[in-house]
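**Student:** So the protein sequences, as listed, match chains A and B.
Here my numbering is used: the first residue of the first sequence is 1, the next is one more, and so on.
Here my numbering is used: the first residue of the second sequence is 1001, the next is one more, and so on.
What the hints contain is simulated information worked out from the structure, not anything from laboratory work.
Only a predicted model underlies this, so the values are computations on that prediction, with no experimental measurement involved.
Even glycine gets a Cβ: it sits at the ideal position worked out from N, Cα and C.
Any given hint might turn out to be false.
Pairwise CB distance ranges (calculated) [unchecked claim]: (1) B:Ala-1120 with A:Gln-387: 46 to 52 angstroms; (2) B:Cys-1029 with A:Arg-391: 35 to 41 angstroms; (3) B:Leu-1183 with A:Arg-391: 52 to 58 angstroms; (4) B:Glu-1207 with A:Arg-391: 51 to 57 angstroms; (5) B:Asn-1202 with A:Leu-35: 39 to 45 angstroms; (6) B:Ile-1189 with A:Asn-339: 43 to 49 angstroms.
Residue strings, one per chain:
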Amino acid sequence: MKALRKYLDRIKPNFEPGGKLHAFRSVFDGFETFLFTPRTTSRSGVHIHDSIDSKRTMIIVVLALVPCLLFGMYNAGYQHWLAIGATEFPFWELVAYGCLAILPTLVTAYAVGLGIEFIVAQWRGEEIQEGFLVSGMLIPLICPIETPVWMIAVATAFAVIFAKEVFGGTGYNIFNVALITRAFLFFAYPAQMSGDNVFISTEPICGLGGTVADGFTGATPLGQIASTTTGNLSITGINGSEISTLDAFIGLIPGSFGETSTLCILIGAAILLFSGIASWRIILSVFAGGALMAWIANTFATPTYPASMLSPIDQLLYGGFAFAAVFMATDPVTGARTNIGKYIYGFLIGVFAILIRTYNTGYPEGAMLAVLLMNAFAPLIDYFVVQANIRRRMRRLTHK
Amino acid sequence: MAEKINNKKVFFNPFSKDNPVIVQVLGICSCLAVTAKLEPAIVMGISVIAVLVFSNVIISLIRNTIPTNIRIIVQLVVVAGLVVIVDQLLKAYAYDVSKQLSVFIGLIITNCILMGRLEAFAMSNKPWPSFLDGIGNGIGYTIILVIVAFFRELLGSGTLLGYQVIPQSFYDVGYVNNGLMILPPMALIVVACIIWVHRIYNKDLQED
C-alpha cells in the first residue's frame, strides 16, 4: 500500500496544471480517489460528515451483487451440463465454465461503458464519475447468457450516451442505465433476447462442457407459461423434470444470467439494507404490489392468460421480479425520493410488473418495463407528495 | 410587411438555419411515421413540397380577400383540396407507395409546417416569395426526412430503397438488423442526433 501511495505521489506532478499529462488529470484523479481516501476536504459551507461517498456506495452495491454473480456462474454451468445430458455435476468445472461464459460480456460492458465515461469526462474537463461501476455489473446479470458480445457493446454504448451522458452524467439520468441497455437489446434484437435457446450456453468453452443434443429447448419458466395454450401449467427444466417452487427460490432454473436465484438476491438485499443504501420502503412495496396484483390475477385466472394461473408466490420467484425489486427499483437516482413517494413508486412497479407479465403474452417478463415506466413517473410522484405536504402545512398555518 | 423580403434568404434559410423540423420542431409526427423506409420518405417529402408550394401560392394570391375571422378555415379548405389531389395522384401512379404511406398523406393537412407557413408567411407576402418559401420549407423538411429514413432503413433493414446494402457475409458472421430502428421511437432519437450535430455547427442556435 505504501509503495503504491509513493508511486502515485511521484507521478502526480505530471497531472497538475502545467504538467505534460494534464489532459488526463481526471483519469488520474479517478484512480487516486478509487485507491485512497482523498486528503482534501471542502473549505467552506456546511457539510454533513459521513464516511461514505459515492464510490464506496457503488462498491457496496457491487459487493451485494457478487452472490448473484457467483451463483449465476454455477447455474450457467449447471444448465449447460443438464443440456448435454450429463449425470454428474463436477462443482469447479461448472463454475469455471460459467465464469468463462460470462467473462466476455462482463469485460465488454465495463470496457465500453467506462470508456465512454472516461472520454466524456476528459472532454468536459470533469472528474470521472463512478456511476458505471454498478451498471457494468448489472448488465451481464440481466441479459441472457448467449447474447452476442457485440450486441452488449452496442446496447451499452447506446444506454450510456442516450440515457445518461446527454442528461448530464451520473446522478442526472432519468432512466436506469442497465435497464435501458436491456430494453434496447430486447426491442432491437428480439430474436436474440427471447425464445428457447438463448438462456442456455450451448457451446463447449476451452474444452469444458460438451455439445448439446439436437432438439433441446431451454425456455425460461415464464417463457413456457406464456406459450401454454392448453390451460395446463407444467413448467419443466431442461432435462424434463418439473420445476418446483423451491427450485425457483434457489435458482437452478433457466433464465437471465444473474436473476434466477431469489436466495442470492435476498442475500444482496440484506447487504444493501444493512448498509442503508437501498430503501426498504421501495423493496417492501414492490413485493407488496406484486403480491397483490398476482393474487388478483390468480383469483380471476383464465386459460386465455396462462400466467394468471401461477400462484402469487411463484409469480414473485420467477423471472426478474425479485432482482428488479432489490437492485433496479432501489436505484436512488431514478427512483422516488420522498418517503411516501417511495411507497407509491414501489407499489406501482410491483403491480405493473405482474400486470404486463400476465395480461400481455407478448412480454413474458414485465419487471423491466415496469421499472422504466415508473422511472418516468418518479419525479411526478415526488412533486405531488411535496405539494400535498405544502398544502397541509399551509392549512395548519392559516387555521390559526 | 414593412421590411424588405430577401428572396434568397426566404429560399435558403429553411434548409438549415430555420429548418422546419430540427429548428422549429414542426412536422415531427409524420417524421416518425413515414421514415422506416427511404422510398416512402422521399415520396412523402415530394408530396409535402407540392402541397406546401401550391397552398402557399394560392393563399398568397387571395390573401387580401380572405376575411380575418375565417382565415384558418379558408386555409384548411385549400390545403385539404390539394391533399386530396395528391392522394388521388399517388393512388393512380404509385399505388404501392401510397399503400405504405396509408393515412399519412391525408394527414399532411394536419402537418404543422403547412399551417405555420400559411399563417406566418403566405398571409402577408406576395405570391413569388410565398412560392420560394414553400419550396424552401418543403425541401428543408424532405432533407431531414431522407436523412432519418436513410439511417433507419440502413440499420433497421440493411437495405436502401429496397436494395440489399449490407452484404450477406455480415449476416453470416452474426450481424443482425436492429429491430428498434424500425420502431417509431428510434426516429425521435435519430432526429435528436441530427439536432445535436446541427447545433454543434450552428452555435447561435444553442439554447442555455
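**Student:** So which of those numbered hints doesn't the model satisfy?
**Tutor:** 1, 3, 4, 6
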